[in-house]
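Chains L and G supply the protein sequences, listed in that same order. So the first sequence is residues 1 to 251, counted in full-length UniProt numbering. So the second sequence is residues 1 to 198, counted in full-length UniProt numbering.
Keep in mind the hints are simulated off the structure, nothing from the lab. This structure is a prediction, so every number in the text was calculated from the model and none was measured. Where a beta carbon is used, it is the ideal one built from N, C-alpha and C, also for glycine. Warning: the hint list may mix true and false statements.
[To be verified] Interface residues of chain G toward chain L, partial, derived using beta-carbon atoms under 7 Å:
no. : residue
1   : Q17
2   : K113
3   : I117
4   : G118
5   : W119
6   : L125
7   : Y140
8   : Y159
9   : A185
[Claimed, not checked] Computed cross-link-like contacts, DSS-like style, restricted to lysine-lysine with a CA-CA straight-line distance of at most 30 Å:
no. : chain 1 : residue 1 : chain 2 : residue 2
10  : L       : K243      : G       : K188
11  : G       : K188      : L       : K158
12  : L       : K133      : G       : K188
Letter by letter, the chains look like this.
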Amino acid sequence: MLTKRIIPCLDIKNGRTVKGVNFVDLRDAGDPVELAEIYSRTGADELVFLDISATEEKRKTLAELVRKVAAKVNIPFTVGGGISSVEDVDILLQNGADKVAINSSAVKNPHLINDLSAKFGKQCIVVAIDARKVNNEWKVHLVGGKVPTEINLFKWAKEVEARGAGEILFTSMDHDGTKAGFANEALAQLSHELTIPVIASGGAGNIEHFCEAFSKGKADAALAASVFHFKEIEIKDLKEEMKIKGIEVRL
Amino acid sequence: MGLQKIVIIDYGAGNIQSIKFALERLGYNGILSSNAEEIRMADRVIFPGVGEASSAMKKLKSTGLDKMIPQLKQPVLGICLGMQLMCNYSEEGNTESLGIFDVDVVHFEKGLKVPHIGWNRITDLKTSLFKDVQEREFMYLVHSFYAPVCEETIAKCDYGVEYSSALKKDNFYGVQFHPEKSSAAGEKILENFLSINS
């Protein structure tokens with residue numbers, strides 16, 4: 001059967017990883033290519049690079065980085081952060097990215113999803129959704145979760161699917177950074193209502209949290225950053241525990 | 001660098017850069033080309049593809065590659081949509097395809113998450129394409145349509161239904177998975193393809 005995926009996420013600024021990593025076997029903790037290679041060797045199923053730089057050279061720097069990663073890494077990777085046009089996506093895919101993730105730009109211009117899906121195929125279009133509960137309703141937020149909207153998470157997720165997204169990357173702003181577990185109820189509802197895969201993000205603190213995202217949250221993949229970067233969780237240990245719990249996993 | 005000439009067919013479909021990079025990691029230089037003569041003269045041909053079947057077939061037809069590919073005599077490896085286009089027909093966009101493999105490509109049944117994205121096991125491995133590759137090895141896949149098991153099946157995969165994850169007929173090989181994205185085992189399969197003598 002298809003296995004559940006474990007996806008480390010690397011935050012990139014001006015071509016370097018930020019937020020810090022703690023790998024003793026890294027020569028240069030800021031080099032995303034070196035970090036990506038280590039993750040690909042130690043059992044990561046995919047990687048996500050999230051570009052958070054705001055410089056004018058951003059597009060060029062990111063394309064160069066994608067090319068370097070694609071040359072070295074033999075597992076799939078997704079690139080996101082500030083992507084807002086067909087041209088942006090074309091450049092990234094041409095340089096060797098397997099998928100792109102779009103977020104705020106999809107909310108501002110939903111038709112972008114249709115355009116990207118028609119031109120490149122739905123398999124490479126990930127729509128990232130940041131949401132949190134406001135008055136007991138899950139509302140979509142923009143700009144890294146800073147700007148609230150009136151859009152309902154589940155309604156938006158259905159629309160995104162209908163417009164041709166290949167996967168959904170759902171981050172719960174209420175759980176992100178808490179290390180208290182994923183938003184399993186909302187994840188399970190998304191997974192139930194959608195026919196495309198759902199990637200869980202936000203809240204990973206221990207191995208049990210990942211197992212619950214799959215068992216309770218019915219997620220198809222789970223993404224995390226700091227627990228992997230600071231070696232609080234080794235991917236191998238995580239996958240061995242998943243296997244013991246009867247979750248299909250690539251080991 | 002390996003001495004054989006490997007051409008990756010460039011018809012504007014999909015991420016061919018990652019196949020070129022995978023070949024480089026193995027010490028080979030792949031050439032991207034849409035030139036019929038250059039493709040015909042190659043020692044190996046890789047026929048990639050991601051995206052939608054009917055628009056990919058249109059591109060092949062507009063350049064005459066649809067007539068030329070089935071006549072190739074050297075080892076040819078179709079990857080993902082490339083493999084599907086080597087079959088008779090695809091339900092995706094109601095597409096008459098190249099007709100190399102005698103099987104029709106169909107959509108996954110309702111109730112399954114589609115696309116089938118991620119790592120799944122390949123089984124019942126046959127031919128030297130899978131030399132030194134373990135039975136039940138994991139490969140990375142991304143697809144919504146599949147080729148059912150048939151006489152030309154040389155590897156299977158199970159996603160709600162058991163289907164062909166690889167096909168072979170004469171000098172033509174097709175794989176549904178992405179060997180260029182399937183870690184060390186995927187690179188081994190690419191390497192095997194480069195040393196097949198047929």
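Exercise for review: Check each numbered hint against the structure and report the violated ones by number, ascending.
Suggested key: 6, 9, 11 and 12
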